[in-house]
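Asks: First to last, the protein sequences are chains S and X.
My numbering puts the first residue of the first sequence at 86, with every later residue one more than the last.
My numbering puts the first residue of the second sequence at 13, with every later residue one more than the last.
In case anyone wonders, no lab produced these hints; they're calculated from the structure.
It should be emphasised that the depicted structure is a prediction, and the values quoted were computed from it without experimental measurement.
Even glycine gets a Cβ: it sits at the ideal position worked out from N, Cα and C.
Some hints here could point you the wrong way.
Incomplete in silico selection of chain X near chain S, CB under 7 Å [what the hints assert, rightly or not]: (1) 72; (2) 76; (3) 222; (4) 227; (5) 316.
One-letter residues, chain by chain:
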Amino acid sequence: MTAILEVDDLTVDFTRAGTRTAAVRGVSLRVEAGERVGIVGESGSGKSVTAQAVMRLLPTTATVGGSVRFAGQDVLAYDAAKLAAWRGADIAMVFQDPMSSLNPLLRVGTQLTEGLRRHRGLSKSDARAEAARLLKLVGIADADRRLDDYPHAFSGGMRQRVCIAIAAACTPKLIIADEPTTALDVTVQAQVLDLLDELTERYATATVLVSHDLGVISSFCDRILVMYAGRVVEAGPTDDIVADPAHPYTRALLDSIPRLEGELPRRLPAIPGSPPFGDVPADSCAFADRCAYAQPVCRTVAPPTVPVGPRTQAACHFPLTLAEEVTR
Amino acid sequence: MSRFLLRRVPQAIIVLFGVVTLAFLLTHVVPGDPARLIAGPNASAATVASIHHELGLDRSLAYQYGKFLLGLLHFDLGTSFALQNTPVSTAILRALPVSAALAVLGVLWEAVLGIPVGIIAAYRPGKLADRATTLASLVGLSAPPFWVGLLLLYLLAFKFNLFPLSGYEAPFINYLILPSFTLGLGGAAWYARLTRTNMLEALRSPYVQMARAKGMPERVVLLRHCLRNVLSPLLTMLGMDLGYFLGGVVVIESVFGLPGVGKLTFDAIGTLDVPMITGAVLFAAFFIVVMNLLVDLAYALVDPRVRR
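Same shape as in the complex, but just chain S (with noise of 0.2 Å):
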């Protein structure tokens, strides 16, 4: 398997009055052709940061450093040009609002085929063509007539349809889905899921989903990245994680899943406290302050990225895997 993307050492910095803040502090992935990867993480663990910094498409307040390689080119040192010819047609994302994320005041047939006329070189009637078999396949009904409709005539659900069908438009190598069901209901998400399955199933594209949601993300990914304040505390294979966690905050993220077995009703537990925003002293744990493991040392010592099993890394003074096997 050859590495379609691979993201090293990334950090993003925001610049905002004079001040920095750290969003992405030194996150390493790597997706091979048609895997599928999972990053998952609370508000402003720089998931989404990092989604958009493989894109580019942060704003000119972020600094970015480390390395972001795409088939084993540099994407950081992309001219305009090349960016535009590489984004569509080779990488294709699905952001969170579809509500907003469609242009209201062109036709869906428009917002289609755009990609397809610049990056396929299509013709006008090509295209149309084109696009309407799109909207077919992410199950549009009447996809002919519809490309005439604007976006406010679709549901939610649908909107997020079209945008799947635009992202998949010119079978790109790698989709990165931004909280793609976040904003729909609870049915439509698993519809919606389903959907981005078939397709990248379907052409082999690797995927990189971003979520809050474990559950999501352990039904849909070959490999999970837990991101907690800007790091991954955890990464590795998506069984080898949801049945032995290493670290605490994976730990409590699992046990957060609402559960149909044992006795109902019950309260599901949650964390506390909130995830730090913005600067963490270097040598400190980011979770310390909410970790139910937390020694002296997790204040004092920024926990280095170990093997935690024979598939998993983690950053943690006390993995919770190690631990067990001490005390059997």
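Model the placement of chain X on the given structure of chain S, informed by the hints.
Replies: Positioned in the frame of chain S, the structure of chain X alone reads:
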């Protein structure tokens, strides 16, 4: 569409009726006697009384109002007190082309100066161009038009002789450039700010992110995705301005000596020319109401969400 008109046209008529009634009544509340003004300070009481009778001012207010409304039904606005034997409608229609030319050019200045400046400012917020336009628009907004007009007259017309000082004769455009520029300047400053705000919002919007993520080059992002969303609200405001200006711009027309509806209104107020004042007010209100209607219709054309 027809349902829209069916609802809006009666509304418009009620508004116009209200405006006319208010204007009519106000001119009677204001102290001063038009007959005395016409007759002059040395006229005898008998002369004033006869002028009163001639103008119908000796009848009750209700009678005068009824007569005025009856005339309106026949599109007759009455005869001017001050300009002897001139029907009000003739006087207004004579002045209208001047005001119309001034209004159209003024709105053009607003759009041509304001919108591009706002776009440039928004594209690099906080940079020199942005700061310069913010400052310039503040000046443009704060400067009173009569002062700007006098300043321009002094510099460009008096000192450098580039434009005529005052009046209105062929070639008319020479007499219109300075006044319309003065008229448009305040609006342009306002539109620059508005465009900048709208543009900043559009540039931050998810659909612009999406367009970029689709691989649209910056030019397409700006022209196809941003500009439409920025311009559609501005279009309606420009339309309203046009309606407002068409009714006559009193200050500008007075400063530049243009014989438009604004000047006509101004002079009529000076002589308490009741029919002329009510006629001019009715005209101004008519344009505003009609442009409002047209703007709402145009808005439905630009924005599919308003369409029904």
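Asks: Does each hint hold? Answer for all of them.
Replies: Each hint, compared with the structure:
Using the Cβ-Cβ criterion of 7 Å, the hint placing residue 72 (chain X) at the interface with chain S is not satisfied: the shortest such distance is roughly 57 Å. At a threshold of 7 Å, the smallest CB-CB gap from residue 76 (chain X) to chain S is about 52 Å, leaving the interface hint violated. At its closest, the beta carbon of residue 222 (chain X) sits 5 Å from a beta carbon of chain S; the interface hint therefore holds under the 7 Å criterion. Taking 7 Å as the C-beta contact cut-off toward chain S, the hint placing residue 227 (chain X) at the interface holds, the least distance being around 3 Å.
At its closest, the beta carbon of residue 316 (chain X) sits 4 Å from a beta carbon of chain S; the interface hint therefore holds under the 7 Å criterion.
Hints 1, 2, counting from the list given before, are not met by this structure.
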